[in-house]
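As they're listed, the protein sequences go chains A and B.
First residue of the first sequence? That's 1 in UniProt numbering, and the numbers climb one at a time after it.
First residue of the second sequence? That's 1 in UniProt numbering, and the numbers climb one at a time after it.
A few of these clues could be false.
To be verified - Across the chosen pairs, the derived CB separations fall in these ranges:
(1) A:Leu23 with B:Asn204: 34 to 42 Å
(2) B:Val187 with A:Ile198: 25 to 33 Å
(3) A:Ile198 with B:Ser48: 38 to 46 Å
Unchecked claim - Pulled from the structure, derived: some chain B residues nowhere near chain A, Cβ distances all over 10 Å:
(4) Phe8
(5) Lys9
(6) Lys10
(7) Ala21
(8) Leu34
(9) Ser43
(10) His45
(11) Val60
(12) Thr81
(13) Ala82
(14) Phe162
(15) Ile179
(16) Val184
(17) Asn191
(18) Phe192
(19) Gln197
What the hints assert, rightly or not - Reference excerpt, derived from the structure (chain B facing chain A, CB under 8 Å, subset only):
(20) Ile22
(21) Phe25
(22) Ile31
(23) Asn33
(24) Lys39
(25) Leu42
(26) Glu75
(27) Ile105
(28) Pro115
(29) Leu117
(30) Ala170
(31) Asp172
(32) Val187
Hints are computed from structural coordinates only; laboratory data are not their basis.
All residues carry an ideal CB built from backbone N, CA and C; glycine is no exception.
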Amino acid sequence: MEAAVWLIILPLLTAFFIGISKLYFKKILAPLVTGSAIIYLYLLILVINHSYPPKVYNVGAWGLMGINLMVDPFSAMFLLMIAILFLPVIIFSVKYIKSHKHKYFIFTYLMTAGIAGMVLTADLFNLYVFLEVSSLSSCALVALKNTNKGIEGTFKYLIMSTLGSFFILLATILTYSLTGTLNMAEISLEFKDIPFQIKSTLMSFFVFGYVIKIGLIPLHAWIPDTYEDSPIPYNVLSSGLVMKSAVYALIKVLYIIFGIDFLDQSGMLHIGVFWGVITFIVAHLLAYQQSNLSRLLAYSSVAQIAYITIGLFVGTEGGLIAGNFHILNHAIMKGTLFLVTAIFYYSLSAVKIEDIKGLGYKFPILSFIFVVASLAIVGLPPFNGFISKWLIVEAAIESGFVYAGFFILVGTFLSLTYYLKVIVTLYTKTEKELLIVKPTLSLRLPTIFLGSLCILFGIVPSIPLSLINKIPKFLLDNGEYIRILLGG
Amino acid sequence: MSRMNAMFKKLYKLVLVVSLAIFLFIVFDEIHNLDNNSKRYLSEHYISEGVQETGAINIVTSVLYDYRAFDTLGEATVLLTAAAILSFLVPLGKDKMLGTTFTMIVSQTTKFFIPFLAVLGAYLILFGHLAPGGGFVGGVVMAVIPILLTITYRVEFSEYKFKPAKKKLAEDIGAIGFILLGLVGVVTGSNFLANGQANFGPGNTGELISAGLIPFLNLMIGIKVGAGLAIIFNSLIKEK
Numbered sequence: 001m002e003a004a005v006w007l008i009i010l011p012l013l014t015a016f017f018i019g020i021s022k023l024y025f026k027k028i029l030a031p032l033v034t035g036s037a038i039i040y041l042y043l044l045i046l047v048i049n050h051s052y053p054p055k056v057y058n059v060g061a062w063g064l065m066g067i068n069l070m071v072d073p074f075s076a077m078f079l080l081m082i083a084i085l086f087l088p089v090i091i092f093s094v095k096y097i098k099s100h101k102h103k104y105f106i107f108t109y110l111m112t113a114g115i116a117g118m119v120l121t122a123d124l125f126n127l128y129v130f131l132e133v134s135s136l137s138s139c140a141l142v143a144l145k146n147t148n149k150g151i152e153g154t155f156k157y158l159i160m161s162t163l164g165s166f167f168i169l170l171a172t173i174l175t176y177s178l179t180g181t182l183n184m185a186e187i188s189l190e191f192k193d194i195p196f197q198i199k200s201t202l203m204s205f206f207v208f209g210y211v212i213k214i215g216l217i218p219l220h221a222w223i224p225d226t227y228e229d230s231p232i233p234y235n236v237l238s239s240g241l242v243m244k245s246a247v248y249a250l251i252k253v254l255y256i257i258f259g260i261d262f263l264d265q266s267g268m269l270h271i272g273v274f275w276g277v278i279t280f281i282v283a284h285l286l287a288y289q290q291s292n293l294s295r296l297l298a299y300s301s302v303a304q305i306a307y308i309t310i311g312l313f314v315g316t317e318g319g320l321i322a323g324n325f326h327i328l329n330h331a332i333m334k335g336t337l338f339l340v341t342a343i344f345y346y347s348l349s350a351v352k353i354e355d356i357k358g359l360g361y362k363f364p365i366l367s368f369i370f371v372v373a374s375l376a377i378v379g380l381p382p383f384n385g386f387i388s389k390w391l392i393v394e395a396a397i398e399s400g401f402v403y404a405g406f407f408i409l410v411g412t413f414l415s416l417t418y419y420l421k422v423i424v425t426l427y428t429k430t431e432k433e434l435l436i437v438k439p440t441l442s443l444r445l446p447t448i449f450l451g452s453l454c455i456l457f458g459i460v461p462s463i464p465l466s467l468i469n470k471i472p473k474f475l476l477d478n479g480e481y482i483r484i485l486l487g488g
Numbered sequence: 001m002s003r004m005n006a007m008f009k010k011l012y013k014l015v016l017v018v019s020l021a022i023f024l025f026i027v028f029d030e031i032h033n034l035d036n037n038s039k040r041y042l043s044e045h046y047i048s049e050g051v052q053e054t055g056a057i058n059i060v061t062s063v064l065y066d067y068r069a070f071d072t073l074g075e076a077t078v079l080l081t082a083a084a085i086l087s088f089l090v091p092l093g094k095d096k097m098l099g100t101t102f103t104m105i106v107s108q109t110t111k112f113f114i115p116f117l118a119v120l121g122a123y124l125i126l127f128g129h130l131a132p133g134g135g136f137v138g139g140v141v142m143a144v145i146p147i148l149l150t151i152t153y154r155v156e157f158s159e160y161k162f163k164p165a166k167k168k169l170a171e172d173i174g175a176i177g178f179i180l181l182g183l184v185g186v187v188t189g190s191n192f193l194a195n196g197q198a199n200f201g202p203g204n205t206g207e208l209i210s211a212g213l214i215p216f217l218n219l220m221i222g223i224k225v226g227a228g229l230a231i232i233f234n235s236l237i238k239e240k
């Protein structure tokens, strides 16, 4: 499983080489980043293909003494998300980003390395280190445009993210002092003897820390500010990967270290579902009031993450499958929406919803894709969002969370109202003459690719589901995961 | 009324902090009272076997650059990112301290001091696996040189002596060097960042060239940390 470690070091190497190329040979930037992204795609496919049964890679060949990487179906699903989003975003950004181009690519690659590290590692402290790599480089990307709003967003993001990291680090330290090890499998075995109170305190630290990074209500306030004035292709990765990787880490810590039985006993599953319901209702109501397109999409992201939380905290096999499928779908749908928004911004610097009035006739294909993606995110058939949302509702009702199922349907109508508002504006005719810079093929192609995936995964959901169906086996029963990680 | 309000706000923060402190104290106390001394096999292994397995006499170094070298790579990357964020976020403004002119004594002493700092830094980095020190500490001492120049002779002089581009280059080279040294393990048929397992062997423990890759990894981290801290300091007090 050599390729697993390459998934982390290839983006790191690329980032540092971009740093050197900035000083001496500026011209090779575009071939360097595209070439590296293509090789990265190949490596990702290689690792995803070999993810079942799970494999372990010892960094430094230290066995249980050192750090282990592990590829299981859950991490493979996240690698699949990177594979789908990363190359299109890089191709898109080569043309789109104008200022601080080198820095943008350095941080994008560092962020990807951090996310790949978080997804692959099976070591609690290593998870924290890569979390810091990804969230700090994400902060730097928010500040990239160097506008007042961008810096305000970065500052809020830095404070909140540091607060979250503080709690995660505290919990990690306490876990180490309790168990004397950092390997997730060994911690999980040691945790069986720890008293209930201490375990639940540790769990609350982990949950609080990660929830800040995920951005559930009332800890969401920094998210719209970071989306508002940052480079829009970055928003694709931010909503698709950075927030999701925090969800990944939380779920991994809760399900592997604490185990499903403890989550049920301590009532964490009920708290998670309830928190999710509150979050998406508030986020939908807030999204309705926005006039800025990026902020609207940001609040919509908060709401979608809440759906994912509900799916993952239902605590059944169906719930985990549904939540994971929605993670993948949301990354694709939100990616499409942001890329179309980015093209609108590129062509006529449209920021507000009223700025895109009448663009439906100027950009027929792109507007059609926007409509497809927004209907998918609302959850209408036959798009991918419908299927995963349907699965979440089904799983919630099956395990007794009837109120969650009911409110998800209410939330669907709420989200329909504000997305319809945007779509109607898009197709309203105006007399105004617009100065339009024509988007090149390298901007349109990634957008069309992601948009077509919305339809493809809606019609043939069995393609991603064949991978996702294997996930619950290693999360619901952490014994299986522990056995493989310990090499038994 | 507004005074009451302000007092309430202050009091509320105080109560919040104190209650968090009490809560953490209770948690730490509970954890401390648990009898978990039997669960120290990992640290005991590091202490008892560390020298034989890695060849580094300094235990901290053996953990940082061998057992958990992958974390060190991540931490060094965090440092680079933090330096870059600072250069974005800190507004360019004039700092009062920089307007101060120092007397002869200060500038002469600084001049006299710098070679010693360089020697100390180099010693800390190169002997990191034998004596207290290592790449991070040595790098910090090295970074003191440009920082001293900045404080005594202003930013322009410091940046004339150590060009910002060169510092960035050093930072990148340090990071790339760390990864390439890690890949040496892959090339020889073992895993990433393998040291003893890839037959670089501990060597004669106690000699300068021993402990396999550890001295070289130390050097790379030293370069990277030194350059990174110098960049951070200069971007913090840059004047315009």
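Evaluation of the provided hints:
1. A:Leu23 with B:Asn204: 34 to 42 Å: At 40 Å between Cβs, range holds.
2. B:Val187 with A:Ile198: 25 to 33 Å: Taking Cβ atoms as reference, Val187 of chain B and Ile198 of chain A lie about 46 Å apart, which means the hint is violated.
3. A:Ile198 with B:Ser48: 38 to 46 Å: At 29 Å between Cβs, range violated.
4. Phe8: Holds, since 21 Å exceeds 10 Å.
5. Lys9: Holds, because the least Cβ-Cβ distance between Lys9 of chain B and chain A comes to about 19 Å, which exceeds 10 Å.
6. Lys10: holds, 20 Å
7. Ala21: holds, 13 Å
8. Leu34: violated, 7 Å
9. Ser43: violated, 7 Å
10. His45: It is violated; His45 of chain B is separated from chain A by about 6 Å at its closest Cβ, not greater than 10 Å.
11. Val60: holds, 15 Å
12. Thr81: violated, 4 Å
13. Ala82: Not fine: 6 Å to the nearest Cβ puts Ala82 of chain B too close to chain A.
14. Phe162: It holds; Phe162 of chain B is separated from chain A by about 14 Å at its closest Cβ, greater than 10 Å.
15. Ile179: violated, 5 Å
16. Val184: Its Cβ never comes within 10 Å of chain A, the nearest being 12 Å, so this holds.
17. Asn191: Violated, because the least Cβ-Cβ distance between Asn191 of chain B and chain A comes to about 4 Å, which does not exceed 10 Å.
18. Phe192: Given that some Cβ of chain A is not farther than 10 Å from that of Phe192 of chain B, nearest at about 4 Å, it is violated.
19. Gln197: violated, 4 Å
20. Ile22: With a minimum Cβ separation of about 13 Å from chain A (threshold 8 Å), the hint on Ile22 of chain B is violated.
21. Phe25: Constraint on Phe25 of chain B not satisfied, violated at 12 Å.
22. Ile31: It holds, given that the least Cβ distance between Ile31 of chain B and chain A is near 6 Å, below 8 Å.
23. Asn33: With Cβ-Cβ at 10 Å, over 8 Å, it is violated.
24. Lys39: holds, 4 Å
25. Leu42: holds, 5 Å
26. Glu75: holds, 6 Å
27. Ile105: violated, 38 Å
28. Pro115: violated, 28 Å
29. Leu117: violated, 26 Å
30. Ala170: violated, 11 Å
31. Asp172: holds, 4 Å
32. Val187: violated, 11 Å
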